[in-house]
Amino acid sequence: MTLLAVENLTVTFPSRQGPQSVVRNVSFTLGRERLGIVGESGSGKSQTGRALLGLTPTSGLATADRMEFDGIDLRAASPAQWRKLRGARMSMVMQDPKFSLNPVMTIGRQLAEAARRVASGSADARDRAVAMLEAVQIRDPARVMAAYPHELSGGMGQRAMIAMMLITEPDLLIADEPTSALDVTVQIEVLRILDDLVTSRGMGLIFISHDLQLVSSFCDRVLVMYAGRVVEELRAADLAQAQHPYTRGLMGCLPRIDGDQRPLPTLQRDEAWAR
Amino acid sequence: MTDTASGEGRHGALPALLWKIVKILASVALTFLGLLLVTFLIGRVVPVDPVLAVVGDRASQSVYDRVFIELGLDKPLYEQFWIYLQKILSGDLGTSFLTKKPIVEDIARVFPATLELATVAILIGTIFGIPLGVLAAVRQGKLSDQIVRVVGLIGYSAPIFWLGLLGLLIFYARLHWVAGPGRIDISYEYSITPRTGLMLWDSAMQGQWDAFRNAFSHIILPAALLGYYSLAYISRMTRSFMLAELAQEYIITARVKGVAEWRIIWVHALRNAAVPLVTVVALSYAGLLEGSVLTETVFAWPGLGQYLTNSLQNADMNAVLGGTLVIGAIFVGLNLLSDLLYTLLDPRVRRR
Amino acid sequence: MSTREWLLTEQPASRRQARLGQTYRTWLAFTHNRLAMVGLGIVLVLVVVAVLAPWLAPYDPIVGGSLRTERLLAPSWQHLMGTDDQARDILSRIIHGSRITLLVVALVAVIATPIGLLVGTTAGYYGGWVDTVLMRITDIFLAFPRLILALAFVAALGPGIENAIIAIAITSWPPYARLARAETLTIRTADHIDAIRLQGAHSARIIWGHVVPLCLSSVIVRVTLDMAGIILTAAGLGFLGLGAQPPQPEWGAMIAGGRRFILDHWWVATMPGLAIFVVSLGFNFLGDGLRDVLDPKAHK
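So the protein lines, in turn, are chains A, B and C. Anchor point for the first sequence: position 177 equals 177 in our numbering, and the numbering is continuous, going up by one each time. Each position in the second sequence, counted from 1, maps to that position plus 275 in our numbering. Each position in the third sequence, counted from 1, maps to that position plus 627 in our numbering.
No lab work stands behind these hints: they were computed from the structure. Predicted, not measured: the structure shown is a model, and the values here were computed from it. Ideal Cβ positions, reconstructed from N, Cα and C, are used throughout, including at glycine. Careful, some of the hints might be misleading.
Listed next, the stretches of chain C that the computed footprint assigns to chain B, with coverage defined by at least 3 CB atoms under 8 Å from CB atoms of chain B [said to hold, decoys possible]: (1) 760-767; (2) 879-889.
Pulled from the structure, derived: some chain C residues nowhere near chain B, Cβ distances all over 12 Å [unchecked claim]: (3) 634; (4) 704; (5) 736; (6) 738; (7) 900; (8) 910; (9) 911.
Residues from chain B that keep clear of chain C, each with C-beta distances beyond 10 Å, as calculated [claimed, not checked]: (10) 291; (11) 297; (12) 300; (13) 351; (14) 482; (15) 565; (16) 583; (17) 588; (18) 610; (19) 615.
Extracted from the complex, chain A is given alone in its bound form (with noise of 0.2 Å):
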């Protein structure tokens, strides 16, 4: 079944060399299933998730031919009707907790502001945030909901993102590098808690990120991204067949424990993929 069908997105930004593209006609689609994106940084993709989710920085402009949501069109979606969508049925986690939740308001009044999307009532809402807390396995969620962000660890922090992203219990979550603001130690942590959650609940991910390896070692399916294009797309499981350079590059950058790699290998561009 298909969840979400996007045909040549693009986005572009005004520039003084007048406007660049830094999405350029990506295409796929995605059923119930976990979805990689992989490029560097610059590469557009994180500006594809935000595309999907109609958060284009105003300055931008994002077109496609075809972009639908479980049978929505979105690129004629209006602003009520996105704000229907969204929290409600797609959702986002971002990079960093120091910066993207609320600095002035308690954790419990940001959960309970997402949970009154689907609660009965304010102690309903409530309720559910504290069962949300203890789903991505906070010990003490009532010491959680009173405390303000910069109180939590990074991880803690973004266990509470991920809570509050889910507790509409969406159909499409969108994660955006979301473990590479955490120490190597608490990533796995956050990144098993996210696998749970979101094969328990039948959801769509999109994990975007840097890192090749984890993403496939944690989605179905893998999307590389260049320039704003898509260059390769591939099985996770098929990945040590991947026929495009700048994927076996990506590959080759991988330290690893077995031989000594030396001259340490760089990646290798090439202004031809772009095109």
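Following the hints, position chains B and C against chain A.
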């Protein structure tokens, strides 16, 4: 900066918040000492002979010499400063040459008028300034942003005493919309028992609504003009704080959650912008003291500003320096208050 | 390649070309700001009027006409802005008054800018107790509202335009010192300053020769932004009778002179106020545009 860092290390046992407050208070005390030094030095370079100010110019040489010594003018400068310091700290600002009363008494009498004017003005400035600034930020680059900007720049550019005169000419003399100079008509002047010295407050508390209406029609024009000045500053600062907040990631989070746009602006962004805005409001409240000197002169408003200009024009140096010191002290006090409010409003500072 | 292309190229061949190109781009952005151009126009007109005052003014600014027939005349073709109680042509007085305004602004800038630069760069360069002491002094000056402190100084020094200028200058430098200090702190650790220090250059030489020039541009922008405030403070002092003394055609003092007649002869106080308003609006537009262009953070 190195000494404060090691200072924090040494006093690590003290609760951080308490230590922060001690530091703020110490800095305030130091600034106040500086204020005293400045007024003291200004007082010493005055061409007006302080002895003559006391004895008058017909006194004999022996009287003059006695007073010269009484005033401590034969002592070295630092000793004179020490004497000055003791006098001020015991609440003695000297005697006014003009009113022959202690300056502290004079200032206590005129201060409520200024306080009332400045308070009504800051209310006007804040109530209109913040929404205008928010509007300009949300509609950045659009026509309404341009209009708010020009309205603000006009506020920065017009001399307040000139606007006051024009206001009196138009709204009082021609249109009769407001009452003229002064705080209240003479017919009401003695019907209100002064408790706080704030006309609006006193008349309302005593249920004298006619007097209240009259006082209101006197205060509204000068307060609106002063308020316009703080509006210019507050709306501009609100705009830039809001632009900074609206560009933050947590705004995107709120959008992703499907929060309504009005709530994103007025609850999420403004609540964050409010933290630095408190400082701005406190500072413009202090700035109103400055504007009040000129406004009170135009509107014959019997407050601190008029007292100061009267003393100036009569070369009453003690009163001028006393008034300057009081205004400086209020300025420092408001800065302190804004620091403390900042601490209360920002959870990041509060719980650290 | 045209001059324009040479200036706007993305690959400048020399440092001079890059710098000129940057200046040209700033100028282009500046000219696109309509309000800033209006401001620039007003300021230029002020300068021209001040320079050509004796030739532009139709009447003598100090000596009036007949007290019996030409006193307090309403605006007409003979006297575009009317006459005052001394039968003097108000337009002529305003034209001559522009010289005083320009003089105040220029002198305050010339006196206050070096003080602010010196205090700020010294504090920032040396750091430690020098910094603490100098910044404490700066804070004390900032603790007084500007007009109030200027009032106290003029009261002490005696009224007059020279003393008003000194008083305004004394109250103007602290914000410049703060700015210069902040700039110095970022420059101090730069490699090329280190290099000069290693060559054994004297501290005073480093400050004046290398730190001050780098702080200069931002301080100048700040001074431009302050011009309107300086004009208003000077006018306020004049209005209170503490600035320029009669019969000098200072705009603030002219308003004070016309105040008695405001109800029946509105033009006497209104016209000079209009002049103050237009000129400070011009400086504000100009400063606002400059800030937009030079501070990329405020711009979008």
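Hint by hint, here is what the structure shows:
Counting residues of the region 760-767 of chain C whose CB lies closer than 8 Å to any CB of chain B gives 4, so the stated coverage by that chain holds, three being the minimum. Residues of the region 879-889 of chain C lying with their CB closer than 8 Å to a CB of chain B number 4, which satisfies the three-residue condition for coverage. Every CB of chain B lies more than 12 Å from the CB of residue 634 (chain C), the least distance being 27 Å, so the non-interface label holds. Residue 704 (chain C), annotated as away from the interface, keeps every beta carbon of chain B farther than 12 Å; the closest lies near 24 Å.
The beta carbon of residue 736 (chain C) sits about 18 Å from the closest Cβ of chain B, which is more than 12 Å, so the claim that it is off the interface holds. Every Cβ of chain B is farther than 12 Å from the Cβ of residue 738 (chain C); the closest lies at roughly 18 Å, confirming the non-interface assignment. Residue 900 (chain C), annotated as away from the interface, has a beta carbon of chain B within 12 Å; the closest lies near 3 Å. Not every beta carbon of chain B lies more than 12 Å from that of residue 910 (chain C), the smallest distance being close to 8 Å; the non-interface claim is violated.
At roughly 5 Å from the closest C-beta of chain B, the C-beta of residue 911 (chain C) falls inside 12 Å, breaking its exclusion from the interface. Here residue 291 (chain B) stays apart from chain C, with its beta-carbon at least about 22 Å from theirs, past the 10 Å limit. No Cβ of chain C comes within 10 Å of the Cβ of residue 297 (chain B); the nearest lies about 17 Å off, and the non-interface call holds. Under the 10 Å C-beta cut-off, the non-interface status given to residue 300 (chain B) relative to chain C holds; the minimum distance is some 15 Å.
For residue 351 (chain B), the requirement that its beta carbon stay farther than 10 Å from each beta carbon of chain C is met, with the minimum near 21 Å. Consistency note on residue 482 (chain B): stated as away from chain C, and its beta-carbon is indeed over 10 Å from all of that chain's, at 35 Å minimum. For residue 565 (chain B), the requirement that its beta carbon stay farther than 10 Å from each beta carbon of chain C is not met, with the minimum near 4 Å. Consistency note on residue 583 (chain B): stated as away from chain C, yet its beta-carbon is not over 10 Å from all of that chain's, at 7 Å minimum.
The beta carbon of residue 588 (chain B) is not kept farther than 10 Å from every beta carbon of chain C, the shortest such distance being approximately 6 Å. With a minimum CB-CB distance of about 8 Å to chain C, residue 610 (chain B) fails to clear the 10 Å threshold, and the non-interface call is violated. Its beta-carbon lying about 17 Å from the closest one in chain C, residue 615 (chain B) satisfies the requirement of being farther than 10 Å from that chain.
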